[in-house]
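K.L.:
This is what each chain is made of:
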Amino acid sequence: LAKTTQPISMDSYEGQEVNITCSHNNIATNDYITWYQQFPSQGPRFIIQGYKTKVTNEVASLFIPADRKSSTLSLPRVSLSDTAVYYCLVGTISNFGNEKLTFGTGTRLTIIP
Amino acid sequence: DGGITQSPKYLFRKEGQNVTLSCEQNLNHDAMYWYRQDPGQGLRLIYYSQIVNDFQKGDIAEGYSVSREKKESFPLTVTSAQKNPTAFYLCASKSHEARETQYFGPGTRLLVL
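For the record, the sequence lines run as chains A and B.
Residue numbers for the first sequence follow my numbering, beginning at 10 and rising by one.
Residue numbers for the second sequence follow my numbering, beginning at 9 and rising by one.
You may find that some hints are simply not true.
[Claimed, not checked] Okay, derived cross-link-like pairs now, SDA-like style, lysine to any residue, Cα gap no bigger than 20 Å in a straight line:
#	chain 1	residue 1	chain 2	residue 2
1	B	K65	A	T101
2	A	K12	B	G66
3	B	K17	A	Q51
4	A	K12	B	K17
5	B	K65	A	G100
6	B	K78	B	N92
7	A	K12	B	L53
8	A	K12	B	K78
[To be verified] Which stretches of chain A does chain B cover? Using the computed rule of at least three CB atoms under 8 Å from a CB of chain B, they are:
#	stretch
9	68-80
10	110-122
Honestly, the hints are just simulated from the structure, not real lab data.
Ideal Cβ placement from N, Cα and C applies to all residues, glycine included.
Based on the sequences and whatever the hints tell you, model everything.
P.N.:
Following this line, the structure appears as structure tokens:
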């Protein structure tokens with residue numbers, strides 16, 4: 010599985026747009042990029058997934074450049090409830106349930122009032 | 009109300025004792041997973057099961073055992089051979105549909121007395 014590198018922590022003020030970048034230089038052709046959010050003492054929650062270019066859903070956008078060696082999770086107009094750890098994962102999505110998700114230490118995002 | 013449930017929320021283990029963590033899902037997912045999370049760290053895969061009556065070791069299987077007798081259930085036993093069992097344990101499940109992601113339960117925190 011491709012190794013990922015993310016900032017250890019980030020701070021932002023409420024109402025701002027937050028961009029968290031993940032580096033994955035060894036991404037393979039069949040790999041997808043997936044982001045999870047985790048609150049303390051809870052299980053991770055899926056945010057967004059993409060393969061290339063841009064993906065947008067109701068909570069976030071994911072920007073992936075043409076070389077796919079990095080990706081950026083964008084959270085628009087953050088609130089205090091967005092304070093959490095955000096994990097970037099890269100790996101092949103299996104139809105048979107045998108993929109292994111590799112979670113790094115993630116990015117601890119703190120939203121300041 | 010579909011989802012993944014884990015019980016208990018907190019579990020205490022005495023030295024030399026085996027304990028079993030419960031994971032149940034009613035999402036009709038084929039694959040199920042167990043992860044361990046230590047403070048400030050990412051998740052590490054213990055065991056996973058793609059179908060009933062079949063399971064594979066993850067990255068840190070030593071000191072743990074699992075069974076998958078029913079599609080809905082994937083219990084994890086922390087044996088006395090696991091010398092450092094204090095951690096947050098997370099169960100996840102996934103459909104075999106293409107590009108489906110893993111859904112996580114609320115977790116069980118295991119503490120050694």
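K.L.:
Now tell me, hint by hint, if it's right for this structure.
P.N.:
Status of each hint after checking the structure:
no., hint, in the structure
1, B:K65 / A:T101, "holds (18 Å)"
2, A:K12 / B:G66, "holds (17 Å)"
3, B:K17 / A:Q51, "holds (10 Å)"
4, A:K12 / B:K17, "violated (32 Å)"
5, B:K65 / A:G100, "holds (18 Å)"
6, B:K78 / B:N92, "violated (29 Å)"
7, A:K12 / B:L53, "holds (15 Å)"
8, A:K12 / B:K78, "violated (34 Å)"
9, 68-80, "violated (count 0)"
10, 110-122, "holds (count 6)"
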